[in-house]
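K.L.:
Could you build the full structure based on these sequences and the hints that come with them?
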Amino acid sequence: MAPKSFANEIMKTTLGYFQRRPATWKNTVGISRSPYCMPFHSLRFSSSDLSHNELLERFNMFNKQQLLNMKGIGQLKANLIINYRTSNGSFSSLDQLQQLRGFSSKLIDRLLKSENHLSIRRYPPLIDQDLRKSIQSIVSIDLGFKNFAYVHINRELTLLDWRKLSFPTMTSNSLQTTYENVIGIRRTLPAADVYVIEQASAIPHHGASFNTGIPLRILEAFLYCVLQPNKVVSMNAKTVQSYFNLSKGPQKKTDAINKVLELMNGKSKYHNVTFTNQQISEFTSITKKDDLSDCLLQALTFYDKEVFDF
Numbered sequence: 347m348a349p350k351s352f353a354n355e356i357m358k359t360t361l362g363y364f365q366r367r368p369a370t371w372k373n374t375v376g377i378s379r380s381p382y383c384m385p386f387h388s389l390r391f392s393s394s395d396l397s398h399n400e401l402l403e404r405f406n407m408f409n410k411q412q413l414l415n416m417k418g419i420g421q422l423k424a425n426l427i428i429n430y431r432t433s434n435g436s437f438s439s440l441d442q443l444q445q446l447r448g449f450s451s452k453l454i455d456r457l458l459k460s461e462n463h464l465s466i467r468r469y470p471p472l473i474d475q476d477l478r479k480s481i482q483s484i485v486s487i488d489l490g491f492k493n494f495a496y497v498h499i500n501r502e503l504t505l506l507d508w509r510k511l512s513f514p515t516m517t518s519n520s521l522q523t524t525y526e527n528v529i530g531i532r533r534t535l536p537a538a539d540v541y542v543i544e545q546a547s548a549i550p551h552h553g554a555s556f557n558t559g560i561p562l563r564i565l566e567a568f569l570y571c572v573l574q575p576n577k578v579v580s581m582n583a584k585t586v587q588s589y590f591n592l593s594k595g596p597q598k599k600t601d602a603i604n605k606v607l608e609l610m611n612g613k614s615k616y617h618n619v620t621f622t623n624q625q626i627s628e629f630t631s632i633t634k635k636d637d638l639s640d641c642l643l644q645a646l647t648f649y650d651k652e653v654f655d656f
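Here my numbering is used: the sequence shown runs in plain steps of one and ends on residue 656.
Honestly, the hints are just simulated from the structure, not real lab data.
One should not assume that every hint holds.
Claimed, not checked - Simulated crosslink set (DSSO-like; lysine-lysine; CA at most 30 Å straight-line):
no.: 1; residue 1: Lys510; residue 2: Lys417
no.: 2; residue 1: Lys459; residue 2: Lys594
no.: 3; residue 1: Lys615; residue 2: Lys651
no.: 4; residue 1: Lys584; residue 2: Lys479
no.: 5; residue 1: Lys605; residue 2: Lys615
no.: 6; residue 1: Lys577; residue 2: Lys492
no.: 7; residue 1: Lys479; residue 2: Lys605
no.: 8; residue 1: Lys492; residue 2: Lys417
no.: 9; residue 1: Lys459; residue 2: Lys599
no.: 10; residue 1: Lys598; residue 2: Lys417
no.: 11; residue 1: Lys605; residue 2: Lys459
no.: 12; residue 1: Lys459; residue 2: Lys417
no.: 13; residue 1: Lys452; residue 2: Lys584
no.: 14; residue 1: Lys634; residue 2: Lys598
no.: 15; residue 1: Lys651; residue 2: Lys598
no.: 16; residue 1: Lys615; residue 2: Lys594
no.: 17; residue 1: Lys634; residue 2: Lys492
no.: 18; residue 1: Lys599; residue 2: Lys635
To be verified - Across the chosen pairs, the derived CB separations fall in these ranges:
no.: 19; residue 1: Ser451; residue 2: Glu526; range: 46 to 52 Å
no.: 20; residue 1: Gln475; residue 2: Gln442; range: 33 to 39 Å
no.: 21; residue 1: Arg431; residue 2: Asp476; range: 29 to 35 Å
In this text, a Cβ means the ideal position worked out from N, Cα and C, and glycines have one as well.
P.N.:
What follows is the structure in structure tokens.
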């Protein structure tokens with residue numbers, strides 16, 4: 347490809363990427379807005395912190411619509427609460443509530459704090475209702491500076507495939523090569539109804555992160571465009587971190603790996619994922635497990651927030 351025509355292709359690719367992203371994801375003066383951020387005017391603050399007894403009373407007395415108005419309580423969690431009360435009666439403690447899927451201690455702490463206990467509009471869905479009903483499988487993608495990983499998982503939460511691939515180091519004068527490599531990656535990805543990419547723009551762009559953050563955003567834009575016309579969405583890593591109650595900093599990788607091991611052992615309170623013996627053996631034998639772990643947790647977060655929770 348001639349330099350001029352390739353430059354035009356780069357421009358169309360990058361502009362097309364940001365134009366197709368939902369409006370709330372566009373950057374303003376370099377500030378990246380999360381798709382799960384709420385506009386300030388949609389918030390209504392309560393007057394004081396809730397006590398444990400007050401919060402417990404709400405979980406025992408609220409109807410489904412009232413539960414849905416609580417931050418962090420979607421359709422899935424509201425149904426779990428209603429079904430538990432129907433079968434077992436009222437909750438006797440918040441500890442008992444935490445035995446339900448998705449009710450972490452971190453969520454309870456947020457609900458107890460007045461600055462986080464808000465009556466809000468739910469974030470706009472990333473996919474429309476028709477697609478939500480028809481989704482049979484998704485591919486979750488983790489882009490790294492040198493590595494690329496993906497997980498293919500169906501609606502029944504059966505793991506169909508997961509792989510970790512090396513990716514040539516990207517330099518400032520290798521955009522054409524990088525674009526060609528991304529097209530090669532596209533050919534390796536299985537067919538799916540939705541592709542979920544970790545949002546590279548959520549990486550802080552300062553200090554040591556700057557030299558990796560910008561190339562990752564370019565990779566994200568390239569991949570977004572070559573995956574068209576399929577549905578492609580970006581997910582902020584903090585959304586996954588919050589959903590699975592992962593630690594911050596270096597401990598986050600270990601937490602993510604442990605969550606996947608719990609899933610494999612059938613001890614997770616979040617999901618029942620079906621693995622083959624070969625998949626379990628391969629995962630336990632590799633040294634660096636965090637990329638595949640991040641991919642799987644991102645896929646499960648997407649299913650819960652965007653498919654099952656409506």
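K.L.:
Now, for every hint given, state plainly whether the structure supports it.
P.N.:
Each hint, compared with the structure:
1. Taken as a hint, the Lys510 and Lys417 pair is broken in the structure, with Cα atoms around 35 Å apart against an allowance of 30 Å.
2. Under the criterion of a C-alpha separation no larger than 30 Å, the hint pairing Lys459 with Lys594 is consistent with the structure, at around 20 Å.
3. A distance of roughly 16 Å separates the Cα atoms of Lys615 and Lys651; the hinted pair therefore holds under the 30 Å criterion.
4. Restraint check for Lys584 and Lys479: the C-alpha separation of about 26 Å stays at or below 30 Å, so the hint holds.
5. At most 30 Å may separate the alpha-carbon atoms for a hinted pair to count; Lys605 and Lys615 meet this at roughly 10 Å.
6. For the suggested pair Lys577 and Lys492, the alpha carbons sit about 25 Å apart, so the restraint of at most 30 Å is met.
7. Proximity of Lys479 to Lys605 is assessed by CA-CA distance (about 28 Å); at most 30 Å being required, the pair is judged to hold.
8. At roughly 37 Å between alpha-carbon atoms, Lys492 and Lys417 are farther apart than 30 Å, so this suggested pair is violated.
9. Taken as a hint, the Lys459 and Lys599 pair is honoured in the structure, with Cα atoms around 28 Å apart against an allowance of 30 Å.
10. With a C-alpha separation of about 24 Å, the suggested pair Lys598 and Lys417 falls inside the 30 Å cut-off, and the hint holds.
11. Taking the CA atoms of Lys605 and Lys459, the gap is about 27 Å. The hint holds against a cut of 30 Å.
12. Restraint check for Lys459 and Lys417: the C-alpha separation of about 11 Å stays at or below 30 Å, so the hint holds.
13. At most 30 Å may separate the alpha-carbon atoms for a hinted pair to count; Lys452 and Lys584 meet this at roughly 14 Å.
14. Restraint check for Lys634 and Lys598: the C-alpha separation of about 14 Å stays at or below 30 Å, so the hint holds.
15. Using a Cα cut-off of 30 Å, the hinted pair Lys651 and Lys598 holds, with the two alpha carbons roughly 21 Å apart.
16. Restraint check: the Cα-Cα separation between Lys615 and Lys594 comes to about 21 Å, which is no more than 30 Å; the hinted pair holds.
17. Of the pairs offered as hints, the one joining Lys634 and Lys492 holds, with about 13 Å between alpha carbons and a cut-off of 30 Å not exceeded.
18. For the given pair, Lys599 sits about 9 Å from Lys635 by alpha-carbon distance, which is consistent with the 30 Å threshold.
19. Take Ser451 and Glu526: their Cβ atoms lie about 47 Å apart, and the range 46 to 52 Å holds.
20. Taking 33 to 39 Å as the suggested C-beta distance range, the pair Gln475 and Gln442 conforms, at roughly 34 Å.
21. As the Cβ distance of Arg431 to Asp476 is approximately 32 Å, the hint placing it in 29 to 35 Å holds.
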